[in-house]
Amino acid sequence: MHRPAPTRATVLTAGALALAAVACGCTSAPIPGTASQAPDGPYRERLIDQLDLPLPVFDNWEIVDAARQPTREDRHADIRDISPKDCAVDATSTRAADDVIYGGSRWTGAQGSGPNGQAFTVSVHASNPAQTDDLTQYLSACAQTEFETSSGRAKSILARTSALEQAGFDEVIGFSEVRTRGQQTTSGLTVVGRANSLALVLVFTNSGDLDTADATAVWKAAAEKFGKNG
Numbered sequence: 043m044h045r046p047a048p049t050r051a052t053v054l055t056a057g058a059l060a061l062a063a064v065a066c067g068c069t070s071a072p073i074p075g076t077a078s079q080a081p082d083g084p085y086r087e088r089l090i091d092q093l094d095l096p097l098p099v100f101d102n103w104e105i106v107d108a109a110r111q112p113t114r115e116d117r118h119a120d121i122r123d124i125s126p127k128d129c130a131v132d133a134t135s136t137r138a139a140d141d142v143i144y145g146g147s148r149w150t151g152a153q154g155s156g157p158n159g160q161a162f163t164v165s166v167h168a169s170n171p172a173q174t175d176d177l178t179q180y181l182s183a184c185a186q187t188e189f190e191t192s193s194g195r196a197k198s199i200l201a202r203t204s205a206l207e208q209a210g211f212d213e214v215i216g217f218s219e220v221r222t223r224g225q226q227t228t229s230g231l232t233v234v235g236r237a238n239s240l241a242l243v244l245v246f247t248n249s250g251d252l253d254t255a256d257a258t259a260v261w262k263a264a265a266e267k268f269g270k271n272g
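Under this note's numbering, think of the first position of the sequence shown as 43, with each following residue one higher.
Keep in mind the hints are simulated off the structure, nothing from the lab. These figures come from a predicted structure and were not determined experimentally. Among the hints, erroneous ones may be present.
[Unchecked claim] Distance condition first, Cα-Cα at most 20 angstroms in a straight line; then the derived SDA-like pairs of lysine to any residue:
{"id": "1", "residue 1": "K197", "residue 2": "E219"}
{"id": "2", "residue 1": "K197", "residue 2": "R114"}
{"id": "3", "residue 1": "K127", "residue 2": "T203"}
{"id": "4", "residue 1": "K262", "residue 2": "V106"}
{"id": "5", "residue 1": "K197", "residue 2": "S182"}
{"id": "6", "residue 1": "K262", "residue 2": "S155"}
{"id": "7", "residue 1": "K262", "residue 2": "Q208"}
{"id": "8", "residue 1": "K197", "residue 2": "A185"}
{"id": "9", "residue 1": "K127", "residue 2": "Q208"}
{"id": "10", "residue 1": "K262", "residue 2": "R202"}
{"id": "11", "residue 1": "K197", "residue 2": "A133"}
{"id": "12", "residue 1": "K262", "residue 2": "L93"}
{"id": "13", "residue 1": "K262", "residue 2": "S229"}
{"id": "14", "residue 1": "K197", "residue 2": "R117"}
{"id": "15", "residue 1": "K127", "residue 2": "T191"}
{"id": "16", "residue 1": "K262", "residue 2": "W103"}
{"id": "17", "residue 1": "K262", "residue 2": "L252"}
{"id": "18", "residue 1": "K262", "residue 2": "D94"}
{"id": "19", "residue 1": "K262", "residue 2": "D107"}
{"id": "20", "residue 1": "K197", "residue 2": "T247"}
{"id": "21", "residue 1": "K127", "residue 2": "R114"}
{"id": "22", "residue 1": "K262", "residue 2": "L95"}
{"id": "23", "residue 1": "K127", "residue 2": "G210"}
{"id": "24", "residue 1": "K197", "residue 2": "V106"}
{"id": "25", "residue 1": "K262", "residue 2": "T163"}
{"id": "26", "residue 1": "K262", "residue 2": "G210"}
{"id": "27", "residue 1": "K197", "residue 2": "Q153"}
{"id": "28", "residue 1": "K127", "residue 2": "A183"}
{"id": "29", "residue 1": "K262", "residue 2": "T203"}
{"id": "30", "residue 1": "K127", "residue 2": "R137"}
{"id": "31", "residue 1": "K262", "residue 2": "S218"}
{"id": "32", "residue 1": "K262", "residue 2": "T247"}
{"id": "33", "residue 1": "K197", "residue 2": "R223"}
{"id": "34", "residue 1": "K197", "residue 2": "G224"}
[As the list claims (entries may be wrong)] Using C-beta positions, here's what the derived DEER-type ranges look like:
{"id": "35", "residue 1": "V106", "residue 2": "Q226", "range": "20 to 30 angstroms"}
{"id": "36", "residue 1": "E190", "residue 2": "P96", "range": "38 to 48 angstroms"}
{"id": "37", "residue 1": "D123", "residue 2": "P96", "range": "37 to 47 angstroms"}
{"id": "38", "residue 1": "T222", "residue 2": "A255", "range": "18 to 28 angstroms"}
{"id": "39", "residue 1": "P126", "residue 2": "Q225", "range": "22 to 32 angstroms"}
{"id": "40", "residue 1": "S249", "residue 2": "V106", "range": "31 to 41 angstroms"}
Beta carbons are placed, not taken as given, at the ideal position from N, Cα and C, and that holds for glycine.
All chains, full assembly: derive it from the sequences and hints.
This is the structure we're talking about:
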C-alpha cells in the first residue's frame with residue numbers, strides 16, 4: 043500500500059533546546075541539528091510519522107502532530123472513589139507520579155490511531171524537574187487499585203517493564219497497565235526516557251491484551267528519532 047509522504051520536516055533530536063537560551067529567556071539562532079521552538083506552542087518539527095514505523099503493521103494507522111500537550115486528566119478521566127485512598131487521583135503520590143509523565147514547560151508531540159482502536163501519544167517535554175523515584179514509588183504502592191467509572195466498578199493492575207530501547211537515555215522507566223471492567227479489558231504501556239533536560243514519553247493503549255510488539259515499535263522509532271545527533 044502506498045503511503046502519502048509527510049508534508050512537514052521529520053527531524054527531532056535530543057538537542058531540541060538550546061539550554062542557555064532557555065535559562066536566560068533570550069532567543070538565538072537554532073543550533074544545527076536541533077528543533078526550532080514556536081513561541082507559545084509545540085516545537086515546529088514533527089516528532090514521528092508513518093514513515094518511521096515498520097510495515098506492514100502500521101500501514102492503516104493515522105499519525106498526526108498532536109494538537110495539544112497531554113495532561114494528567116487524560117489518564118484519570120472518568121475515575122473516582124479509588125481504593126486504596128492513598129492512590130486517589132488527587133493524592134500526593136499520584137500527583138507526583140503524574141508530574142514525571144506529564145510535567146514540562148515545553149513540548150512537541152504526535153498521536154496515532156490504529157484500525158482496531160489502538161491509540162498512542164508520544165511527546166518530548168523540556169524542563170521537567172520531577173523525580174522518577176516518585177513514579178517508581180507510586181508503581182509499588184498502587185500496583186493494584188479499584189475505582190468507580192460511569193460504567194461501573196473497575197480494577198487496574200500496574201507492572202514495571204524493562205524490555206525497552208535504552209540507548210541515548212540517562213534513564214528509562216516503563217510500566218504496563220491492565221484495566222478490567224466486567225468482561226472488558228483495556229491495556230496500556232507508558233514509558234518515560236530522560237536525557238539531559240528532556241524527556242521522551244510514550245502512552246499507548248488498546249483493547250484486550252497489550253499489543254506489546256506495536257507499543258514497543260512506536261517507542262523504538264521515537265527513541266531513535268530522539269537520539270539522533272544526541
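Unmet hints by their number, sorted upward, for this structure: 3, 9, 23, 24, 27 and 40
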